[in-house]
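Protein chains in written order, with our numbering: chain A, 1 to 292; chain B, 1 to 235; chain C, 1 to 418.
Please note that a few of the clues may not be correct.
Per label pair, the in silico range of CB-to-CB distance [stated by the list, open to error]:
#, chain 1, residue 1, chain 2, residue 2, range
1, A, MET95, C, SER204, 53 to 59 Å
2, B, ASN137, A, LEU159, 30 to 36 Å
3, A, LEU61, B, ARG94, 34 to 40 Å
4, A, MET95, B, ASN137, 35 to 41 Å
5, A, MET241, B, GLY42, 40 to 46 Å
Computed footprint of chain C on chain A, listed as stretches where at least three residues anywhere in the stretch have a Cβ under 8 Å from a Cβ of chain C [claimed, not checked]:
#, region
6, 186 to 200
7, 215 to 222
With a Cα cut of at most 20 Å, we get these calculated SDA-like pairs of lysine to any residue [said to hold, decoys possible]:
#, chain 1, residue 1, chain 2, residue 2
8, C, LYS285, A, ASN59
9, C, LYS401, C, HIS411
10, C, LYS285, A, GLY128
11, C, LYS79, C, PHE360
12, C, LYS285, A, ALA125
13, C, LYS83, C, THR351
14, C, LYS285, A, ARG130
15, C, LYS285, A, LEU52
16, C, LYS285, A, VAL126
17, C, LYS203, C, GLN217
18, C, LYS285, A, LEU51
19, C, LYS317, C, GLY73
20, C, LYS84, C, GLY74
21, C, LYS285, A, THR129
22, C, LYS203, C, ALA179
23, C, LYS203, A, VAL263
24, C, LYS79, C, ASP39
25, C, LYS64, C, ASN325
26, C, LYS285, A, ASP54
Think of the hints as simulated: they come from the structure by calculation, not from any bench. Idealized CB from N, CA, C, for every residue including glycine.
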Amino acid sequence: MLWLFALIAGVLFGLYYGLAALGLNLIFGVMRMVNLAHGDVIMLGGFAAVLLFDHFGVNPLITVLLVIPPSLLVGYLTYYLLGRRVQRSRDPEMMSLVMFFGVSQVIEAVAVIAFGNNEASITSAVFGTRPFSIAGQGVPGAWLVSAGVGLVALVLLFLYLYRTSLGRATRAIMSSPDEARAVGVNPDRISALTFGIGVGLAAIAGILSLFMIGGTTPSEGVDLTVTAFAVIVLGGLGSPMGTFLGGIVFGLALMFTQTYAPVWSGFAPFAILLVIMLLRPTGLLGRTVRSV
Amino acid sequence: MVASPALQVSGLTRSFGGLPALAGVDLELRPGEVVGLLGPNGSGKTTLINVVSGVYRPTSGRVELLGHDATGQAPERLVRLGLNRTFQTPRPFRPLTVLENVQVALRHGRDAAQSPEEILELCGLGGQGGLPAESLNSSQQKRLDLARALATAPEVLLVDELAAGMRHDELDGAAELLRQLAAAGRALLVVEHLMGFVRQVTDRVVVLNAGTTIFAGSLEEASQDPHVVEVFLGA
Amino acid sequence: MLIPRTRTVGLAALSALLTVGLAACGAASTTASSGAPKDIVIGTLYSGSGSFANSSLPEFQGLKFWISQENAGGGVYVKAFNKKIPIKLVALNDQSSTTTATTEYEQLVTQDNINIFVPDFGSVLTLPAVTIAQEHHMLLFDQTATGSPLFTPGNQYIVLCDLPLSAIWPDPLAHFILAQHISRVAILYGANDFDATQAATVKSVLAQGGVTPVYYQAVPTATTSYGTLLHDIAATNPQAVLELGYASNDIPFLQAVQQGGYHFGMVATAFPGQEFTLIENAVGKAGLSYTYTYGVPPYIKFNNVSEGLGTNAFIAKFGHGNIANVSFENVAGYNTGLIIQAALGHATKFTQLGMRAALFALSGHFTTLDGAFKLNSEGGQVGELLPLAQLFPTATGNEIKIVYPSASADHAPVYPAP
Ligand SMILES: Nc1ncnc2c1ncn2[C@@H]1O[C@H](COP(=O)(O)OP(=O)(O)O)[C@@H](O)[C@H]1O
Ligand SMILES: [Mg+2]
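For reference, chain A alone in the conformation it holds in the complex (with noise of 0.2 Å):
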């Protein structure tokens, strides 16, 4: 039954690629910034996780937790260096792109002098080497963990959006940010905490990373965030929801045809994200993002 593991690893993959992605879409959609530096964030958590883990013995899952409060202030913090100025400058969905191009070049250049050009990774014994049984395929256990961890972040992220007023302030943002200071949001609290998230969530997919794509090294980070990208715009951009539905797409495509034409594996996402844009040009999910 390959099809049958097909399907379980795809939608297993998915839900990765969807938290991975997650972070890229909630800073586009409340900041309009594309923040081509994502992949190097990413990259970043993995090295968290494998240093943590060389050195202390550090469990990845523990190192899921640590990595939050770091995140959250780096985010802060390069929201408010960074990220401010280019959204008040003239046209900042470009010069977004070439200041996040700029920050990502650098960290790769300051995780090679850190980490070596190598590629990292911690053995995927620390989950265990027994599959678990799924509809009677083996499932590895570390394929469940990371899937698990998506999962649960897709949950936080909704009750955070949906339940908190902090979430609804974001949420308006990313609906219409002027009319959103017209009723005393501030825009800036709202992208720093945003950013920050963003990060986290991005640091907590390069943890994973680790034991869904076998490993990390300082280089990656532009694959991964064209993958992001690829997933937000098969989802829709801004919405969050979309993301984890483009990043299940993403992993389908990618299982069956490693299944049943596994030389055009690295191909057939990105062609069914042609034709899904040629259908629906706002991707799976999205809405029509307004240019004001």
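Go by the hints and put chains B and C with the ligands onto chain A.
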């Protein structure tokens, strides 16, 4: 004792690409009074509201709000100082529910005494809190816009063409509501084209033309002022 | 500056004229038949960042080590002038980009007056240098680009220094499979010249022994998730699973084998031999135990050499006595230097083709710490063979031992894996 002005605008100018949309406007609003802002299309009414509410910075001039210098402040700051406005084209937070729209404003503006449900009731949206804002018709969107502004407990409220797009049978209710708001001590600036509505609501009017004040006084006097008549009829 | 291909020939001719003119004025350090150059200029590229940096930098270190060794002794011996001449290095950073590399290769051969042309690591970054070298009649001292398409009968301007052609890498591996009477073989390989030639070789050697793979599929070189592929491979019930990729493929593949709890009689991947410390750190000790890989220097040792340091001496000097400080790429870069040294030391004429002739004369009679140097007629390396190695668990980690062919083995293979 005559109350000191809640809002004092002096010599306000604003140009877009060298063309002045406002060219030295003076305006004063006192607590409890409703002032009508009239003028033909393109005369600068919305621009005045945008500049006063912080959407645009003034090119020159001064805005004083409840005794504070409010010139060129960010909108979210002005909201906290006690000023809010509605939009000529309302843009509710479309993916949020009606209730959430008001909740955002309640949480981030000043403390309003009322609950979000009460505010919705007041604005004629009672029982509609659970609907997504994008499902509202244009008249309801204007009400929601007003509700959102009220949720921030403004002392100065700038209302941009609330009646436009409302059905005839809704107008009396809307006029009543605005009067009620002023009776509670708020200062209101109301931009409107419907003369009946203006008569019902306002205490006095200011007429703009091409970014300058051409008249200030009662509506009666305005309708006899040759300059005002020429501007409205000769256009 | 990017010059469209069609115009390059004209510009090349122009720059050749300029070079002649300059040489006549005595201003250039390039070949002047009248006298020896002031120094021998080696031009090369390295990747200071990007995906090739982790292989390119250690290789570059090895080459620089050779240069410092020679210069400490007064320079490299050049037979054509019968004296030692100091070496000057011109090295540019291509940041792992083929576009940048192309521009910089052009710059090296047209503007920097180099005598010796050495490309960056690996097939991807070497490929643009092959045509440029051919156009400008510079002999390319190809270090580690081993894909067959790089070597063509018409091109005299390339020699492969540090590794055999990738087509012959898996020869011992495939013969080992036949010798163990393994009949169910799964082969998963990267869709690139380097891996595809290896896969084709295994397949054809196995076919000679009557074995047809039960699974034979290519995946994109950028593949990093192997769980589903492994599940499909396991469904074919193989005794041996061969994954032919780069280190960035081997790590996720080996991780996925562990994650899925798969147990195959034999698992072979290409890079643990070349990047042992790196891969063991990434996948853990258990992830590598009893797997197979290509055995490369410094794990295969050549102490009886005709040029340069032998393996142990190199470990002592370069790695401060610790083999863990020495990677295969270090050896490769150093060995490139030794091949240049041999070319200069034996060529009677100080010309590009003169050096080539010297290397062909040495072919088959010459050994370094990288093994026996032997060229085919196209300049491809057919010596320096890679025996099959297996990794055995020790108290602290794994140990690489050569297990096949028996003649060079230092340990008996353990098949099937326990
Ligand atoms: N953002 C803007 N950019 C350029 N011109 C503007 C802008 N906003 C308003 N204007 C111009 O200012 C003038 C006044 O417009 P407005 O204030 O909307 O008039 P009113 O509300 O009285 O109909 C018009 O000529 C309009 O084109
Ligand atoms: Mg207007």
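Quick one: which hint numbers does this structure break? Sort them smallest to largest.
6
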